[in-house]
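K.L.:
First to last, the protein sequences are chains Y and U.
Note that the working numbering numbers the first sequence so that position 89 is 89, with each residue one more than the last.
Note that the working numbering numbers the second sequence so that position 27 is 27, with each residue one more than the last.
Below, computed lysine to any residue pairings styled on SDA-like, alpha-carbon distance capped at 25 angstroms:
| # | chain 1 | residue 1 | chain 2 | residue 2 |
| --- | --- | --- | --- | --- |
| 1 | U | Lys165 | Y | Arg81 |
| 2 | U | Lys154 | Y | Val92 |
| 3 | U | Lys154 | Y | Arg63 |
| 4 | U | Lys385 | Y | Asp36 |
| 5 | Y | Lys77 | U | Glu212 |
| 6 | U | Lys386 | U | Asn201 |
| 7 | Y | Lys77 | U | Arg166 |
Just the calculated beta-carbon pair ranges, DEER-fashion:
| # | chain 1 | residue 1 | chain 2 | residue 2 | range |
| --- | --- | --- | --- | --- | --- |
| 8 | Y | Glu29 | U | Arg230 | 50 to 60 angstroms |
| 9 | Y | Asp34 | U | Phe214 | 20 to 30 angstroms |
| 10 | U | Asp118 | Y | Arg37 | 46 to 56 angstroms |
| 11 | Y | Asp36 | U | Gly101 | 49 to 59 angstroms |
| 12 | U | Gly244 | Y | Asp34 | 29 to 39 angstroms |
| 13 | Y | Pro110 | U | Ile114 | 55 to 65 angstroms |
| 14 | U | Tyr199 | Y | Asp34 | 16 to 26 angstroms |
| 15 | Y | Arg63 | U | Arg106 | 24 to 34 angstroms |
| 16 | Y | Arg98 | U | Thr88 | 15 to 25 angstroms |
| 17 | Y | Asp36 | U | Phe214 | 23 to 33 angstroms |
| 18 | Y | Glu23 | U | Arg78 | 50 to 60 angstroms |
| 19 | Y | Arg98 | U | Arg82 | 14 to 24 angstroms |
| 20 | U | Arg230 | Y | Pro110 | 48 to 58 angstroms |
| 21 | Y | Pro95 | U | Gly160 | 10 to 20 angstroms |
For the record, the hints were derived by calculation from the structure and aren't laboratory data.
From a predicted model like this one, the values you see are computed outputs, not experimental measurements.
Quick reminder that beta carbons are idealized off the backbone N, C-alpha and C, glycines included.
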Amino acid sequence: MSETRSFVCIGCPIGCPLVLTHEGREVTEVRGNDCDRGAKYARQEFTDPRRSLSTTVAIAGARWPRLPVKVTKQLPKDRIREAATLLHALRVEAPVERGRVLVKDLLGEPGADVVACRGMARRDGG
Amino acid sequence: MSLDRLQQRYDVVVVGGGPAGLAAALGARDAGAERVLMLDREPEAGGILLQCIHSGFGLHHLKAELTGPEYAEHFIERVVDRDVDLVTRSYVSAIGLDSDGRHRVRVMREDHGISTIDAGAVVLAMGCRERTRGAIRIPGTRPSGVLTAGLAQKFVNLMGLLPGKRIAILGSGDIGLIMARRLTLEGCEVVGVFELMPYSNGLTRNVVQCLEDFGIPLHLSTTVTGIHGRDRVEKITVAPVVDGAPDLSRKRDVPCDTLLLSIGLIPENELSQSLGMAFDMGTAGPRVSSTMMTSLPGVFACGNVLHVHDLVDYVSAEALLTGGFAGEYAQGLRRPQDNIRLVPGQNVAYCVPQTLSPGREQTVYMRCREPMRPCALHVGDLLEKKLPFVVPAETIVLKLKPDLLERFHGEALQIDLRPRDGGQP
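Model the full structure from these sequences, guided by the hints.
P.N.:
In structure tokens:
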């Protein structure tokens, strides 16, 4: 039996209203998309929705007390909060250079590394 | 680069070390200016990018999706490589034009007092600031806990401070949406985003990724009509907006301890205004020529000081050009004055630059007043460009070929956005 799911495409600012038709786990049709990106997005959203995560972690001995970080691979959408909460506990020490890997394979996802988004020099007493 | 070394004489002085200043400094060096100085009031260059830790920068200009700090560092490294002098914690209090055609820039520094710098050209790149509660006059008490979304972003992302626990947000621009997600991930409860207009002023992808993903309600056509609490915000009153005015018969209270305001940005032009240059009412920034020069010879402007951009990529592209023109000017090159004035017509809020010259490729940035889809952009009778849609939150970028303006024989060129068949006004 056919069922439908609705999404708003996030591929570009137009935001096409998408309607995906499926039978069980099998996608039979995507409608409402002005371009191919919409169809691709709806299929991804239906089968395995994922999101990027960037946040900050505590850093000691630097100009600022927070270091911006990002995860190098999209994570399952329903585990974004869990991932952010895990990183609340992370502490690093200055100096740090941009691109340094602080955690490997976050949430056990291969390739989902937590890396520093900027360098921060050591500033004693500052 | 020489950090905090301030010399007496420069070819180009750039005021502001954010994305516009960084790219302008590079543009000036690329154009052959030998001595370039970049001044910033913060302890480090990078501007607001440093606190924009989310991803999505650089897709156009660098062909990579970067976070704000990564985008900033990319430019800072290049500025360092090109021997630009960077002086932080410094303020420009005045700029004067001398009879020899050079500029005197007065710089104040906490540890060094006042210095006067001699500059061949000046680039204004001070950026913009946020509108505050006073700008929209929300009635009520004046407790702590009412702050702009960008300030909250600085507290959370740089200083490691949370502004509160139960957060309401007024305004659905991108900064407000991004802070809704950010505070949720930091453990706060965001009770709702309230938007005066019947549509969000942010990108759809941000409405989906920042609100819907986290179950944060977006209340369109709704505004805040009261703030309550003695020392700290205790609740706000919200009401639906009908025909532009709040319907107080349907108001309701929303308990919260913090109200974030994401209600627009204003170019930061106190310094520019003190110089007496011509302004554009549409942008709230200086009027500039096709070489990004203000009405004062040798003083250029780029980035959010000129008009508020929605993508940093556009700022970088515009500022690189601006820095190049400033560098040329400092070396004595004078271009002929523009002879075509751009006139914002139907559904066009503004065009930047405000004047053009034929014979050169030109990029014109503009913004619409109302959403329209589908529509067409009319450049006088010279050009019609079909667009699938326009929204006020999205800059329209129009590239004009060098020969296009050769066919124009007037003084004022009007630009209109008109609906196409099937379009809704």
